[in-house]
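Residue numbers (the working numbering), protein chains in the order written: chain A, 1 to 424; chain B, 1 to 424.
To be clear, the hints were calculated from the coordinates, so they are not data collected in a lab.
There is no bait here: all hints are sound.
One copy or any two copies: either way a pair holds, since identical chains are not told apart in the list.
In silico lysine-lysine, DSS-like type, Cα no more than 27 Å apart, as pairs:
#1 K365 to K323
#2 K420 to K323
#3 K365 to K420
#4 K323 to K415
#5 K194 to K57
#6 K346 to K415
#7 K254 to K313
#8 K346 to K326
#9 K365 to K288
#10 K346 to K120
#11 K323 to K222
#12 K346 to K323
#13 K288 to K313
#14 K60 to K179
#15 K360 to K420
#16 K346 to K164
#17 K420 to K313
#18 K346 to K420
#19 K323 to K238
#20 K254 to K288
#21 K106 to K120
#22 K69 to K120
#23 K13 to K365
#24 K164 to K179
#25 K415 to K365
#26 K106 to K57
#27 K360 to K288
Every value quoted in this text rests on a predicted model; they were computed, and no experiment measured them.
2 protein chains.
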Amino acid sequence: MLFRFEETAHVTKEELSAQAPNLEPYLERLNRVAEADNYMYEESSINLPFDAEIVEKVLKLREKYVSPKLRYILDIGIGGSNLGTKAIYDSMYGYFDLVEPDRFPKMIFADTNDPAFIYKLYEFLRTHITDPREMVINAISKSGRTTETIVNLDIITSNVPFAKDRLVITTDFNSDLWKTARSLDIDCLPIPGKVGGRYSVFSSVGLFPLACQGVDISELLKGAMEARRECLNKNPLKNPAAVSAIIIFANYIKGKLINDQFFFHPELESLGKWYRQLMAESIGKDGKGVTPTVSIGSTDLHSMGQLYLGGIKDKLFTFVSTKNPKIDISVPQEPLLEILSEVEEKTTSEVMNAILGGVKAAFLKHDLPFMEIMLDNISPLSLGQFMQFKMVEIMILGKLLGVNAFDQPSVESYKQETRKILRS
Amino acid sequence: MLFRFEETAHVTKEELSAQAPNLEPYLERLNRVAEADNYMYEESSINLPFDAEIVEKVLKLREKYVSPKLRYILDIGIGGSNLGTKAIYDSMYGYFDLVEPDRFPKMIFADTNDPAFIYKLYEFLRTHITDPREMVINAISKSGRTTETIVNLDIITSNVPFAKDRLVITTDFNSDLWKTARSLDIDCLPIPGKVGGRYSVFSSVGLFPLACQGVDISELLKGAMEARRECLNKNPLKNPAAVSAIIIFANYIKGKLINDQFFFHPELESLGKWYRQLMAESIGKDGKGVTPTVSIGSTDLHSMGQLYLGGIKDKLFTFVSTKNPKIDISVPQEPLLEILSEVEEKTTSEVMNAILGGVKAAFLKHDLPFMEIMLDNISPLSLGQFMQFKMVEIMILGKLLGVNAFDQPSVESYKQETRKILRS
Chain A
1 MLFRFEETAH VTKEELSAQA PNLEPYLERL NRVAEADNYM YEESSINLPF DAEIVEKVLK
61 LREKYVSPKL RYILDIGIGG SNLGTKAIYD SMYGYFDLVE PDRFPKMIFA DTNDPAFIYK
121 LYEFLRTHIT DPREMVINAI SKSGRTTETI VNLDIITSNV PFAKDRLVIT TDFNSDLWKT
181 ARSLDIDCLP IPGKVGGRYS VFSSVGLFPL ACQGVDISEL LKGAMEARRE CLNKNPLKNP
241 AAVSAIIIFA NYIKGKLIND QFFFHPELES LGKWYRQLMA ESIGKDGKGV TPTVSIGSTD
301 LHSMGQLYLG GIKDKLFTFV STKNPKIDIS VPQEPLLEIL SEVEEKTTSE VMNAILGGVK
361 AAFLKHDLPF MEIMLDNISP LSLGQFMQFK MVEIMILGKL LGVNAFDQPS VESYKQETRK
421 ILRS
Chain B
1 MLFRFEETAH VTKEELSAQA PNLEPYLERL NRVAEADNYM YEESSINLPF DAEIVEKVLK
61 LREKYVSPKL RYILDIGIGG SNLGTKAIYD SMYGYFDLVE PDRFPKMIFA DTNDPAFIYK
121 LYEFLRTHIT DPREMVINAI SKSGRTTETI VNLDIITSNV PFAKDRLVIT TDFNSDLWKT
181 ARSLDIDCLP IPGKVGGRYS VFSSVGLFPL ACQGVDISEL LKGAMEARRE CLNKNPLKNP
241 AAVSAIIIFA NYIKGKLIND QFFFHPELES LGKWYRQLMA ESIGKDGKGV TPTVSIGSTD
301 LHSMGQLYLG GIKDKLFTFV STKNPKIDIS VPQEPLLEIL SEVEEKTTSE VMNAILGGVK
361 AAFLKHDLPF MEIMLDNISP LSLGQFMQFK MVEIMILGKL LGVNAFDQPS VESYKQETRK
421 ILRS
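All chains, full assembly: derive it from the sequences and hints.
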């Protein structure tokens with residue numbers, strides 16, 4: 001993974017150096033959390049990639065539920081309970097589901113309670129699953145009391161044959177959901193107590209469904225381990241997570257209130273949505289915060305490009321691309337319709353890189369700040385690197401902004417109002 | 001369609017009345033454009049829903065290419081060439097594709113030049129299409145020179161059997177693409193000259209692929225006609241598009257630089273992305289502009305909710321929900337896992353409405369401005385209403401902001417740089 005920011009991120013070496021000493025105590029703390037290697041601290045999610053016990057539990061249950069017959073993994077969860085899993089699934093498989101109808105297993109995500117979708121979902125499972133081994137259901141709720149997840153779980157278990165026998169629950173040890181499930185002999189996976197939803201992708205929350213799918217979770221965790229090593233460097237100026245956080249903070253101070261992650265592969269859109277939650281929920285509080293947005297290259301150049309280049313300059317961008325795509329194809333030398341000679345014989349990667357290059361040149365001309373992340377390719381290893389890097393970045397950004405990056409106090413306000421309505 | 005804003009949008013009756021006279025001349029102009037009933041003005045897209053000639057051409061080609069054998073409609077286009085079509089397809093069908101594997105036809109969208117996707121796409125078509133009648137390809141490019149569209153078209157036509165015989169091109173009459181296609185006897189559909197991509201959904205750009213899919217385009221256009229009637233009301237205070245534009249403008253002046261469309265049905269996400277382009281490209285210029293974002297209820301309450309309620313108050317929201325969903329289902333009275341008694345026996349719509357109600361109450365408490373749009377349901381009629389309403393709203397907003405809502409001058413800058421790289 002390459003990370004670049006020099007000359008383009010609107011932050012001078014002096015500004016970086018000035019912030020660095022403020023971060024040293026926190027980097028010391030992160031190192032102590034890593035050394036403790038337990039789940040007693042808010043930052044303890046950084047220890048997940050090294051937790052062999054979780055992997056063992058996950059693989060054991062995987063063995064119980066996964067056979068070559070498996071066709072569908074139903075992932076019931078919302079927010080931190082499914083965004084990390086969906087990010088990885090969509091990057092590797094989901095974006096291609098429609099053009100790979102014969103590739104199994106496929107993952108289906110049920111997050112909100114959309115009537116049409118939930119109805120069609122259970123009708124589909126009811127009519128298409130003929131052998132219990134064709135399906136695994138994983139319901140994930142840290143508290144065990146997430147309204148949407150319980151509603152979907154209730155509807156699916158009462159309408160889909162075999163559902164109870166193919167259900168695995170992921171929740172806090174001894175939550176009400178845990179106890180109820182265990183009393184019915186339903187398998188449960190715990191979430192380490194201090195690990196909040198948005199930092200939980202490397203726990204059983206992400207690992208179990210991804211392992212069922214066939215994602216190489218050891219590679220995913222290896223990527224996360226590598227990134228943790230780099231992002232725990234006690235010298236902030238040599239620590240990419242710290243540098244990235246300082247850049248976001250410095251641009252925030254200068255009025256860049258929107259942080260756009262601009263992915264040059266559409267299959268990474270869900271990765272952007274994972275980061276969107278991570279940033280919004282972690283630092284959007286106390287009247288502060290940067291609004292995270294997700295753009296897709298080149299699609300959104302034909303949508304948001306005009307605003308980015310010609311509108312208010314209130315955004316910091318991060319271009320995310322890949323260095324060595326696993327697949328590449330060429331435009332033919334003599335196409336049926338000869339319209340643009342400059343693309344003939346070019347590969348699609350060359351075209352996409354030319355567009356990215358064109359955008360970077362235009363952004364420089366228009367004085368728009370940006371960072372660059374170049375993944376090696378789209379693989380569990382690269383995704384593990386990116387996600388761990390971003391989780392540490394956000395912890396450090398919370399420190400710079402003076403907010404608690406681990407709570408979400410304001411969401412309680414709408415939940416209370418919702419409960420009032422539901423009970424009335 | 002219901003439109004509500006009173007007491008919640010942070011705009012007083014006095015503020016609305018003060019802006020109204022400024023808009024009267026422009027509403028007069030829109031009415032003259034409607035009376036002229038031609039395509040000579042920038043606003044002429046408002047005449048599309050009444051254009052019987054376009055519908056006739058579209059239905060004639062539909063008859064030629066659509067039979068009960070049709071399984072896949074490949075829509076090759078980017079930005080204004082596909083976002084409207086995708087908005088309607090995804091709302092009605094696409095969001096459910098995975099759980100309705102046996103429902104045909106399905107639409108596949110190829111916009112950017114992602115190597116992995118384009119490779120998998122043509123391999124899929126090459127191996128799964130055995131009879132030409134199973135496929136229609138529609139390539140759409142107003143200028144006829146859109147890089148991504150030409151690249152995808154070149155690759156598909158040279159790798160997929162029958163592609164040339166099943167290809168319909170939608171482009172400006174007599175563009176290079178038009179002439180080349182006609183010389184090869186490929187069917188072409190024209191786009192009225194002054195109708196820009198982001199205003200073109202009711203032209204052949206949207207109507208042809210949607211008609212092939214089986215969407216009732218007469219209902220879609222009927223909805224648009226109804227909305228045009230309301231949105232051409234010469235009294236701005238009785239004109240929902242004018243009122244909505246004034247509210248966005250007044251909140252912009254007060255520092256609400258982000259405009260979030262918060263859809264309480266996940267299948268409407270692509271409709272949000274259509275509006276995102278419409279707003280960003282139309283008013284993001286001359287250093288002005290509001291950044292459009294899309295949220296999904298209840299999904300994003302578990303992602304962006306904390307930031308919206310607890311972060312910087314720089315956003316105006318529009319909640320979009322439905323009044324009479326066509327499908328609804330109930331949580332069982334005695335679910336397998338009894339966890340939340342308050343949801344038992346409730347329908348999913350009741351739960352979603354309770355969440356929306358909870359959010360609105362919390363937004364009021366936190367002094368966050370919002371409007372509300374309630375569609376009757378998710379149907380071609382309702383979508384036609386919503387889209388025409390929004391297109392007129394944006395034209396009026398351009399007038400209030402003093403920008404040209406019909407050009408996109410800044411995108412040329414990255415395109416020039418891209419061409420330089422491609423030619424080097």
